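Residue numbers (this note's numbering), protein chains in the order written: chain A, 38 to 330; chain R, 38 to 330.
Treat the hints with care, since some could be wrong.
Note that identical chains are pooled: a pair holds if it fits in a single copy or bridges any two copies.
In silico DSSO-like links for lysine-lysine, alpha-carbon gap of 30 Å or less [claimed, not checked]: (1) K318 with K179; (2) K156 with K319; (3) K263 with K315; (4) K318 with K157; (5) K151 with K90; (6) K179 with K67.
Hint data in this document are derived by calculation from the structure and do not stem from the laboratory.
Being a predicted model, the structure only gives us computed values, none of them experimental.
Read off the chains here:
Protein chains: 2
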Amino acid sequence: MTVMNSKVNYGTVTIVGVGLIGASLGLALKQAGVVNTVLGVGRSTANTERALKMGAIDQVVDLVGAAKQSDVIVLCVPVAQMRAAFEIMEPHLQPRTMLTDAGSTKGDVILAAKEILGKKACQFVPAHPIAGGAQHGANAAKADLFQDKQTIICPLQENSLQDTDLIEGFWRSVGARVKKISCVQHDAIYAAVSHLPHILSYALMVSIINSEDVDQKLEHIGAGFKDFTRIAASSPEMWRDICLGNRTSILKELDQYLLVVGHMRQLIAENDGAAIEKLFKKASQARQDLDTL
Amino acid sequence: MTVMNSKVNYGTVTIVGVGLIGASLGLALKQAGVVNTVLGVGRSTANTERALKMGAIDQVVDLVGAAKQSDVIVLCVPVAQMRAAFEIMEPHLQPRTMLTDAGSTKGDVILAAKEILGKKACQFVPAHPIAGGAQHGANAAKADLFQDKQTIICPLQENSLQDTDLIEGFWRSVGARVKKISCVQHDAIYAAVSHLPHILSYALMVSIINSEDVDQKLEHIGAGFKDFTRIAASSPEMWRDICLGNRTSILKELDQYLLVVGHMRQLIAENDGAAIEKLFKKASQARQDLDTL
Chain A
38 MTVMNSKVNY GTVTIVGVGL IGASLGLALK QAGVVNTVLG VGRSTANTER ALKMGAIDQV
98 VDLVGAAKQS DVIVLCVPVA QMRAAFEIME PHLQPRTMLT DAGSTKGDVI LAAKEILGKK
158 ACQFVPAHPI AGGAQHGANA AKADLFQDKQ TIICPLQENS LQDTDLIEGF WRSVGARVKK
218 ISCVQHDAIY AAVSHLPHIL SYALMVSIIN SEDVDQKLEH IGAGFKDFTR IAASSPEMWR
278 DICLGNRTSI LKELDQYLLV VGHMRQLIAE NDGAAIEKLF KKASQARQDL DTL
Chain R
38 MTVMNSKVNY GTVTIVGVGL IGASLGLALK QAGVVNTVLG VGRSTANTER ALKMGAIDQV
98 VDLVGAAKQS DVIVLCVPVA QMRAAFEIME PHLQPRTMLT DAGSTKGDVI LAAKEILGKK
158 ACQFVPAHPI AGGAQHGANA AKADLFQDKQ TIICPLQENS LQDTDLIEGF WRSVGARVKK
218 ISCVQHDAIY AAVSHLPHIL SYALMVSIIN SEDVDQKLEH IGAGFKDFTR IAASSPEMWR
278 DICLGNRTSI LKELDQYLLV VGHMRQLIAE NDGAAIEKLF KKASQARQDL DTL
């Protein structure tokens, strides 16, 4: 890595997984002019060819090639695939190479990194860019995906301050606002504000399409339903992995949520308008406050 | 009502309740040029003054005045207030006056109309414009709120074909696409596609603000959470009434939904990735299809 014109250059960066996040990151790094070369690792040639065509990556490599020649490697695959990627790369990983990731869960990824990378785990600075959304695949990629969005970094005790700073700068270079919290905090918070809503949204779609009058229901869907279920269009594979990777926190949040829903159900069944209104007022005010933050 | 330049004129129209729906309707009717005068009934002078100022209504009246002088009366108040409005208007209701409403539930409003209006119930053609959303109050009103949106009409057996046509034309005149279904179908369908998501969305906000680390959670909210909870900003009073007014259908849909969530919870607890992915795929495909309808 070299500093040119007061701008850090991250040299050769490999993106493992060229879906929405990976391909957007490639486009963003190139647009920022902070890399020499972007290499891409993909499961399917369809994916990597799309990423090549749109200029998100310059060249396709495999994980061994990536481990041997990269200055920075960014894992943008569903979180359950990270362990296997660490396993293939570990024997070939150069001491100068830094690793980061874009996984939506951190505890499980960090556990895999520590188990597989051993002493080399100090080269891995875990991250989670809060970007993406319902669309997925390289086709939806855009260079400004991370612009002004938060990227969470969960530094390991093993990381040097210098390495953490480097990865922090890396994510900032594509426009992200970086925030550091522990992986335990991360997984508890995102179970509540991201993972649970996704599960609830998937469940509503399943409930609708399982119903007898599904066609009639689908005909009468309005803007509110579409807002509520937008995240149910998200990648099934990615969200399966998140459910398993952050199981404990998700179940805790889900159970707390089900207590609230159960309470509301009871109030409706008991025709308790005053109590229902009180709860709705509290919720409505809190939601309105979100837009004025 | 007179036909001028091949356009029907609805004469003197009274809007009871000048919130988002009522005030938007006033603006839309005037913009369409299909009324002589728009009268407004409101609970608070703050509301009616705003509606007057923005030109949504020309004059403020009370319910008795409305019943005596209107060609069309549109009830745009929360559904639980409709019974009281029928009671005040009934003794003064002129035979030429047609009634319609904008209530989100139909079974309870129709029951109130039949019980209070008796033989005059034939003058009431129930409707539900699928418009509005999270914002509420006259301040959010806009003339194109109903444009290209569906308005459901649930004609009564007592309605003449002519009267139904008139109210259908009335809603079409503000740009709505009108669809006729029975009130039973209406309430079953909207319990699933509208009422349930609102309750679930309110519940998530309550669950978040009741949690110990609420401040941290609120700091990390992203676009997906905001989409999911947008409808939780809706009017607490209106949605309290909907919960009570359509209680039976809502509880049925809620219980079906809770079965799906309970099943997903079990799959997560059992680490059953394949089954989770299968459900998520089904949901994701169905949600993506909604955007291509």
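Which of the listed hints are not met by the structure? Going through the list in order, the structure violates hints 2, 4 and 5 and respects the others.
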